[in-house]
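These protein sequences, in sequence, are chains A and B.
Residue numbering for the first sequence is 1 to 273, as defined by the UniProt record's numbering.
Residue numbering for the second sequence is 1 to 273, as defined by the UniProt record's numbering.
Hint data in this document are derived by calculation from the structure and do not stem from the laboratory.
Do not rely on the hints blindly, as some may be mistaken.
[To be verified] With the Cβ distance kept under 7 Å, some of the chain B side facing chain A (calculated, not the full set):
(1) LEU102
(2) PRO192
(3) GLY193
(4) LEU240
(5) ALA244
(6) PRO272
Where a beta carbon is used, it is the ideal one built from N, C-alpha and C, also for glycine.
Here are the chains, one letter per residue:
2 protein chains.
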Amino acid sequence: MPTGPVDLTAIETDAAPGFDGGKSEGKAALAEMGDELADLQERLFAEGRSGGRRSVLLVLQGMDTSGKGGVLRHTVGLVDPQGVRITSFKAPSEEERSHDFLWRIERALPGPGYLGVFDRSHYEDVLIARVRHLAPDDEIERRYEAINDFEQRLVESGTTVVKCMLHVSADEQRERLLARLDDPTKYWKYNPGDVDERGYWGAYREAYELAIERTNTELAPWHVVPSDKKWYRNLAVGLLLRDALRDLDPQWPAPDFDPEVERRRLLDAEPPA
Amino acid sequence: MPTGPVDLTAIETDAAPGFDGGKSEGKAALAEMGDELADLQERLFAEGRSGGRRSVLLVLQGMDTSGKGGVLRHTVGLVDPQGVRITSFKAPSEEERSHDFLWRIERALPGPGYLGVFDRSHYEDVLIARVRHLAPDDEIERRYEAINDFEQRLVESGTTVVKCMLHVSADEQRERLLARLDDPTKYWKYNPGDVDERGYWGAYREAYELAIERTNTELAPWHVVPSDKKWYRNLAVGLLLRDALRDLDPQWPAPDFDPEVERRRLLDAEPPA
């Protein structure tokens with residue numbers, strides 16, 4: 001996203017910018033990317049096991065049904081789960097509320113070499129918190145700068161931050177909620193509260209616009225991902241992740257031992273009994 | 001495993017018990033199982049989101065190179081990463097050592113609906129701890145019963161515990177360590193200390209035999225998985241996981257709302273602006 005004022009109504013939700021094909025080509029492109037993504041992630045993981053300090057944090061935000069879970073399954077699911085740390089942030093617990101809003105976020109940050117994924121994040125503290133007045137106005141105001149300082153520190157300490165807003169239309173959300181009501185295997189994903197939140201659609205849009213505008217920094221920029229097309233959403237996040245990993249360009253670590261010496265140790269030793 | 005004394009030398013490492021085909025059939029069988037595994041896991045996750053308390057804990061133990069990482073990637077990787085919680089236990093930190101050996105284990109247990117996976121586990125505290133005398137003999141002795149009590153409590157509170165010992169031969173381990181030395185993309189997996197541990201092969205075997213014998217309970221039985229064939233190891237753990245999930249037979253949760261009422265709420269509301 002370019003910096004400056006944000007108008008989400010000007011960003012199409014059902015577009016597929018930068019991709020020429022349709023659904024089947026999009027799915028094939030994601031699958032094809034799988035090997036490269038997995039390779040890059042494994043290199044980063046190897047680096048982390050060998051003294052490297054770098055990591056990647058993927059932040060997924062979006063209205064209910066925008067597809068955070070779908071991205072976890074279809075895109076994040078392409079890499080080795082061993083190197084992934086997913087955290088789903090719910091309404092904060094009493095203990096979490098007794099601390100600064102970033103306390104629980106700090107505890108969920110990826111370690112060296114890991115791909116951390118936030119399904120919702122510290123942004124809820126300036127989104128639902130703003131719309132539903134869960135904190136005083138001046139506290140909400142304070143948080144934008146606190147987030148920028150926090151993310152700057154993250155980036156400076158070696159974590160690449162990839163922030164994605166999964167952008168769906170109100171019509172598409174209605175269709176997806178109705179689909180959950182039509183399918184007993186999807187009832188568990190439905191929450192009557194989602195319809196209440198939907199009543200604040202305009203207020204959420206404004207809160208997103210403000211949050212993106214205030215925290216769309218050079219070090220940790222926002223990406224608004226058109227998400228009415230599920231296949232495009234999954235592909236677009238995959239491409240963002242791939243580009244972030246390519247920029248890191250993680251290399252297989254050099255050995256801190258002499259392979260020839262080790263080979264001899266293995267071959268010369270008595271076979272263990 | 002039947003209960004009673006355990007003789008690991010009597011269990012073939014390169015066999016494929018219960019499976020007729022070879023490598024390509026085995027890989028195909030695992031891939032085919034993917035949909036059922038993913039479906040069962042999603043049902044369990046749905047149950048956990050709807051008030052259910054059940055979960056599954058997969059414990060992976062085995063000598064270096066036995067393939068714990070391979071199982072994570074190829075078998076656990078078949079299900080939605082959103083519902084999986086993997087913990088890799090390393091040598092305990094100073095803080096961890098200052099607590100009872102089960103302290104860090106408790107903190108890593110899967111929540112309701114989750115598939116927890118331990119890459120190494122509390123069993124290290126009666127394996128390397130026994131072989132390398134990291135704790136007094138009477139403390140090691142105490143731990144077997146402590147583990148049984150702990151696992152009994154886990155099972156009684158709704159966690160199915162699937163314990164797998166990935167069983168490789170010393171020859172196969174040598175080949176795998178040599179392969180790591182032949183391939184710069186695998187150097188990071190090689191640790192000269194692995195050769196030192198290999199020198200205690202017989203002591204580890206005895207420690208495994210004792211651990212399995214003492215903790216092979218009806219509630220939390222051990223499975224010794226022949227693991228010289230990687231494809232068989234991945235398939236066998238997949239089958240154990242599938243059987244555990246089938247036994248739980250998780251059902252899609254009933255709605256705690258009236259779908260018809262919700263449908264009307266969605267359709268009757270003004271389209272949000």
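Each hint, compared with the structure:
1. LEU102: Result: violated, 21 Å to nearest chain A Cβ.
2. PRO192: holds (5 Å)
3. GLY193: It is violated, given that the least Cβ distance between GLY193 (chain B) and chain A is near 10 Å, above 7 Å.
4. LEU240: violated (18 Å)
5. ALA244: It is violated, given that the least Cβ distance between ALA244 (chain B) and chain A is near 18 Å, above 7 Å.
6. PRO272: Hint on PRO272 (chain B): holds, closest Cβ of chain A at ~3 Å, below 7 Å.
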